[in-house]
Amino acid sequence: MFKHLLSALLCGFALILLVHAQDDQSDAAFISTGVSKSIAPQYKATHQQQAAYVRSFPQGVKNCYRVNITQGTKYLIRASFVYGNYDGLNKLPKFDLLFGANSWDSVAFVDASSSTIKELVHVPTLDYIHVCLVNKGTGTPFISALELRPLKNTTYVTPTGSLELFLRLDVGSTSNQSYRYDYDALDRIWVPYTFNKWTQLTTSLTVDAQSHNDYQVPSIAMRTASTPVDASASMDFSWESPDTSTEYYVYLHFAELQQLKANQSRAFNITLNGDYWFGPFVPKYLSTITVFSPSSLTGGNYSFSLVQTENSTLPPILNAMEIYTLIDLSQPETDGDDVAAIINIKSTYGVDKDWQGDPCTPQGYMWEGLNCSYSGSPRIISLDLSSSGLTGEITSYISNLAMLQSLDLSNNSLTGSVPEFLSKLPNLKVLNLERNKLNGSIPADLIQRSTSGSLSLSVGENADLCASISCKKEKKKKNIVIPIIASIGGFSILVVAAVAIFMGLKRGRKQGVPQQPNNQVDSFESKKRQFTYSDVLRITNNFQTKVLGRGGFGKVYHGYVDDTQVAVKMLSPTSGQGYQQFQAEVKLLIRVHHRNLTSLVGYCNEGTNMALIYEFMAHGDLESHLLGEDSNANVLTWEGRLQIATDAAQG
1 MFKHLLSALL CGFALILLVH AQDDQSDAAF ISTGVSKSIA PQYKATHQQQ AAYVRSFPQG
61 VKNCYRVNIT QGTKYLIRAS FVYGNYDGLN KLPKFDLLFG ANSWDSVAFV DASSSTIKEL
121 VHVPTLDYIH VCLVNKGTGT PFISALELRP LKNTTYVTPT GSLELFLRLD VGSTSNQSYR
181 YDYDALDRIW VPYTFNKWTQ LTTSLTVDAQ SHNDYQVPSI AMRTASTPVD ASASMDFSWE
241 SPDTSTEYYV YLHFAELQQL KANQSRAFNI TLNGDYWFGP FVPKYLSTIT VFSPSSLTGG
301 NYSFSLVQTE NSTLPPILNA MEIYTLIDLS QPETDGDDVA AIINIKSTYG VDKDWQGDPC
361 TPQGYMWEGL NCSYSGSPRI ISLDLSSSGL TGEITSYISN LAMLQSLDLS NNSLTGSVPE
421 FLSKLPNLKV LNLERNKLNG SIPADLIQRS TSGSLSLSVG ENADLCASIS CKKEKKKKNI
481 VIPIIASIGG FSILVVAAVA IFMGLKRGRK QGVPQQPNNQ VDSFESKKRQ FTYSDVLRIT
541 NNFQTKVLGR GGFGKVYHGY VDDTQVAVKM LSPTSGQGYQ QFQAEVKLLI RVHHRNLTSL
601 VGYCNEGTNM ALIYEFMAHG DLESHLLGED SNANVLTWEG RLQIATDAAQ G
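Residue numbering for the sequence shown follows this note's numbering, starting at 1 and increasing by one per position.
Do not take every clue at face value.
To be verified - Ranges between beta-carbon positions, derived for each pair:
{"no.": "1", "residue 1": "364", "residue 2": "89", "range": "24 to 32 Å"}
{"no.": "2", "residue 1": "440", "residue 2": "89", "range": "52 to 60 Å"}
{"no.": "3", "residue 1": "275", "residue 2": "197", "range": "20 to 28 Å"}
To be verified - Calculated lysine-lysine pairs in the DSSO-like style (CA-CA distance at most 27 Å, straight line):
{"no.": "4", "residue 1": "136", "residue 2": "91"}
{"no.": "5", "residue 1": "197", "residue 2": "261"}
{"no.": "6", "residue 1": "118", "residue 2": "74"}
{"no.": "7", "residue 1": "44", "residue 2": "152"}
{"no.": "8", "residue 1": "197", "residue 2": "284"}
{"no.": "9", "residue 1": "118", "residue 2": "94"}
{"no.": "10", "residue 1": "74", "residue 2": "91"}
{"no.": "11", "residue 1": "437", "residue 2": "424"}
{"no.": "12", "residue 1": "44", "residue 2": "74"}
{"no.": "13", "residue 1": "94", "residue 2": "353"}
{"no.": "14", "residue 1": "74", "residue 2": "37"}
Hints were generated in silico from the structure; no laboratory data involved.
Where a beta carbon is used, it is the ideal one built from N, C-alpha and C, also for glycine.
Turn these sequences into a full structure, and let the hints guide you.
Dropping the structure here:
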């Protein structure tokens, strides 16, 4: 029977938009992509005005509407599609429809003139919904109308899930015309249906003139009904589901249309697949009563019968019916705080990416540049905006991505300082800020986490960015240090020279490596240069060589430049002496030369990786030469000590 019914529906859908649709509204406020197109003139005459134009989406895979609604309110949500050869290709497309994080349905067409309708009854858990069209490579997606109507929460109740429309019929219609708003206050579309074994009953009176039940079935649908041609026969309707796991909800709407005489009665039972389902039921005169399934129907085959009771003098009637399938739309969308944060980031930087709908869901349509976790509500754990043309400062909206593990903002034109809030992201494991225009200093906590190995920190090629933990301390002291140096310049050079003697000789004693010929000192004079961090790793064999000493600056490692021994002093990020001393020592040792002073071979200044590379000294440290504690060391005379200090001071 439902083969006949479905055929009637296909004919009826072509008429759906003919009768009294409500005023439509531009969709420009709800979507930022797509282009408006007009359907071909020959199709406009058979459709309502709102079907005359479509929004087509030739660009992007997922294009989404975002509509603000009232959270917790039940809505009828309908998407309508009339192809009408709007693109001049005369080729029917096929595409998918998404609702939030969930698959809704596939959209296909019988011909260019027919309407395809997708309708839901749903209670949103958020204060907005996303309806998305997905290009599957089988034609350009488009849409004619998207409509939402609030319903009473007491209607269409299901223990779980939402409802998708299967059928909605105006049974016994005499007009062969579909009805919607303003006949139906809820703007449901009622399709006419008749059957050759049934006949029609009608009334010119208004059904539910005084009040409606909560389903508010329109009077125009309720004032016609069907009853069996054979008064002794039952009213039967049935359908088969291709998927036995599909769950159905059935709503049957009844109203008595005849003023029964004293000797007349109408009562019947309703059976499903031969088993009692409801009854005996007596329709009420000109008043709608809805009989529905409180739980879903399953099994694959569904055969309903309305059977007259023994004491009834009149056969059963049926005025209208609705059948829905249960659809699971429970997949949660991305955490609300993450959504707000990423939308604000998009707005702040004007991100030019195909970011539509929910950021993380469905998983196959995650936003470009994101990665998400899916334990509970999806959370954004990775954000890659490298090479995205970003300008301005690093936005504080990033701090609201509380679960962020990886952040890549490299190769942009970001300015300003590295913000402290980045160090407050508890799960951050990768931070790439390379190749920007950042300045100032890096927060100490980020440097400490990088040193401990819990954070991969990349900040290279930011010319004005200080990567040392001591930058702020040195900046505070700057105004005091400059006048002191100016007033006692000669004395400071002498002191530094003496310290250099101390460090060089002390290094030699702790190294305990055999003495090298003096001609190596001369060879180093022409080799002062800047080394990369990779060079330092090679020189020290990945810091597996002997540790020659430790100090406030950091550790000193033994190493080789080509075949020549050197001492490599690495700056610790937590050093209290820090970056300023590193610069001062490099500049001093390049200018000051003496046979009793350690010579600078080169240095490394690459992000947080800084090192000074000296010639290797094997004669013992200053302490041994001053105190004579090492039996192999020659004790300096007072004359020798003064001569060294004087020579160093004179350069």
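Right, here's what the structure says about each hint:
Separation of residue 364 from residue 89 is about 27 Å and conforms to the stated range, judged on CB atoms against 24 to 32 Å. For residue 440 and residue 89, the Cβ-Cβ distance of about 57 Å falls inside the hinted range of 52 to 60 Å, so the restraint holds. At roughly 22 Å, the beta-carbon separation of residue 275 and residue 197 lies within the given 20 to 28 Å, and the hint holds. For the hint pairing residue 136 with residue 91, the CA-to-CA distance comes to about 15 Å; that is within 27 Å, so the pair holds.
Under the criterion of a C-alpha separation no larger than 27 Å, the hint pairing residue 197 with residue 261 is consistent with the structure, at around 26 Å. Distance restraint check for residue 118 and residue 74: the Cα-Cα separation of roughly 17 Å lies within the 27 Å cut-off, and the hinted pair is therefore satisfied. Between residue 44 and residue 152 the alpha-carbon distance is near 34 Å, which puts this suggested pair outside the 27 Å criterion. For the hint pairing residue 197 with residue 284, the CA-to-CA distance comes to about 24 Å; that is within 27 Å, so the pair holds.
For the proposed pair residue 118 and residue 94, the alpha carbon gap of about 14 Å is at most 27 Å, so the pair holds. Straight-line distance between C-alpha atoms of residue 74 and residue 91 comes to about 37 Å, which puts the hinted pair past the 27 Å bound. Distance check on the hinted pair: residue 437 and residue 424 sit about 22 Å apart at the alpha-carbon level, within 27 Å; holds. Proximity of residue 44 to residue 74 is assessed by CA-CA distance (about 33 Å); at most 27 Å being required, the pair is judged violated.
With a C-alpha separation of about 25 Å, the suggested pair residue 94 and residue 353 falls inside the 27 Å cut-off, and the hint holds. In summary, the hint linking residue 74 to residue 37 is not supported, as the alpha carbons are separated by about 32 Å, beyond the 27 Å threshold.
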